[in-house]
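Can you make the complete structure from the sequences, with help from the hints?
Top line first, the protein sequences correspond to chains A and B.
According to the UniProt record's numbering, the first sequence is numbered sequentially starting from 1.
According to the UniProt record's numbering, the second sequence is numbered sequentially starting from 1.
If you are wondering where the hints come from, they were derived from the structure by calculation, not from laboratory data.
For each residue, glycine too, the CB sits at the ideal point set by N, CA and C.
Keep in mind that a hint or two might mislead.
With a cut-off of at most 27 Å between alpha-carbon atoms, the simulated BS3-like pairs for lysine-lysine come out as follows [as the list claims (entries may be wrong)]:
id	chain 1	residue 1	chain 2	residue 2
1	A	K186	B	K90
2	A	K109	B	K48
3	B	K90	A	K202
4	A	K109	B	K41
Across the chosen pairs, the derived CB separations fall in these ranges [unchecked claim]:
id	chain 1	residue 1	chain 2	residue 2	range
5	B	D57	A	V231	51 to 61 Å
6	A	K202	B	I30	25 to 35 Å
7	B	K34	A	M148	29 to 39 Å
8	B	T87	A	E34	51 to 61 Å
Given next are the chains, with one letter for each unit.
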Amino acid sequence: MAHDREILRMIWEGQIAICFQADSEEIVGLQQPENFYLMVSRLSYLPLVTDKVKKYFSRYISHEQQDGNIWFDYNGIPLKLHYPIGVLYDLLYPEEDSVPWYLTIHFSKFPEDVLVKLSTRDLLESYFMSCLKEADVLKHRGQIISSMQKKDHNQLWQGLSNDKFDQFWAINRRLMEANGDQETFKYIPVRFYADEDTYIQKLITPINKNGQKKTVGEMMIEMSTPLKKVVEVRTQGISIHDGANLQWLSEHLSYPDNFLHLFLVYESNI
Amino acid sequence: MADTEDNSITEKDNSKICILLNATGNVPIIKKRKWTVDPNKTVSWIQKFIHQYLKLDANEQIFLYVNQTFAPAPDQIIKNLYECHGTNGKLVLYYCKNQAWG
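Structure below.
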């Protein structure tokens with residue numbers, strides 16, 4: 001059960017300052033547009049928060065490109081539209097002193113070989129619901145999400161896309177409750193990131209061999225190999241204490257897609 | 001993808017993952033259900049494979065589901081799905097032309 005409501009609220013309110021710049025090659029006319037500054041929620045997705053950005057820059061680009069698929073890059077790296085913004089930020093780890101985060105918006109040349117075209121709200125919504133379903137398969141064999149009604153599913157998506165904490169958590173609370181009379185989930189839905197290409201998923205149990213709740217420290221050992229030792233775990237922009245237990249972490253520090261997105265820092269042997 | 005009936009391929013390369021393709025809805029059936037696939041191949045790679053194998057029109061789409069429950073992201077890799085949702089050494093995938101358990 002999610003008792004530490006204040007922590008849920010703090011995680012929900014986590015924001016990133018972004019400075020959007022135009023792709024100078026797409027600008028028609030002599031005048032380059034000014035940059036566009038925006039505070040965005042770590043938990044949201046780029047296509048959900050950039051309507052205003054798109055509208056602003058579309059005045060400066062040619063008509064043929066107006067309806068193109070929008071995408072963004074940071075230092076030449078295309079940003080995955082279906083990753084939560086906080087995950088993208090932590091993954092690309094901008095220099096700490098370079099606040100805000102400088103991103104370039106593009107209206108053309110969508111890089112189809114590297115980016116999934118989840119650029120509309122509808123596609124993003126169905127992807128988001130799939131994540132919730134997968135997470136619930138891991139936590140409760142999918143029994144909670146499948147017992148919900150369509151309106152509950154809508155409420156989760158609306159709560160996230162309209163940034164309404166109470167609306168979202170009124171439903172999400174049920175997904176974050178442990179199994180029946182037990183104190184934990186079956187497995188912890190988690191995606192591990194070590195580099196920017198992709199993530200790793202494994203079955204991670206919330207209980208250790210001795211029947212106690214597994215700690216982050218124990219999971220770090222589980223994720224280490226003789227050659228690569230995990231020395232730090234980060235998520236939501238913070239370093240996680242190795243004494244925290246995974247069940248608590250999953251209930252409180254997961255993204256709205258119900259997954260923990262954990263960044264593993266390996267000891268460098270060089 | 002390699003043919004599982006060809007044992008020389010599967011035995012030489014244990015790192016490959018066995019997947020089971022099930023048709024659902026009004027989609028043509030692929031007779032051979034068992035395939036082995038490189039763990040780092042993506043969901044969209046499998047979708048393209050099925051699309052080509054069934055010689056579908058360019059405007060037709062293939063949807064993939066894991067265990068009849070959720071649709072994985074197109075850039076999800078097979079290894080992750082197998083690790084979390086594989087059963088008895090196999091990953092069971094369902095494919096169709098319309099959204100089924102979307």
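Status of each hint after checking the structure:
1. A hinted pair counts as satisfied when its Cα atoms are at most 27 Å apart, and A:K186 with B:K90 qualifies at roughly 20 Å.
2. Taking the CA atoms of A:K109 and B:K48, the gap is about 22 Å. The hint holds against a cut of 27 Å.
3. A threshold of 27 Å between alpha carbons decides the hint, and for B:K90 with A:K202 the separation of about 15 Å falls inside it, so the pair holds.
4. Taken as a hint, the A:K109 and B:K41 pair is honoured in the structure, with Cα atoms around 25 Å apart against an allowance of 27 Å.
5. Checking the proposed 51 to 61 Å range against B:D57 and A:V231 shows it holds: the Cβ atoms sit about 52 Å from each other.
6. Taking the beta carbon of each, A:K202 and B:I30 are about 29 Å apart, inside 25 to 35 Å as hinted.
7. Remark: the range hint 29 to 39 Å for B:K34 to A:M148 is upheld by a beta-carbon distance near 35 Å.
8. At roughly 55 Å, the beta-carbon separation of B:T87 and A:E34 lies within the given 51 to 61 Å, and the hint holds.
Figure legend: structure checked against the earlier numbered hints; every hint is met.
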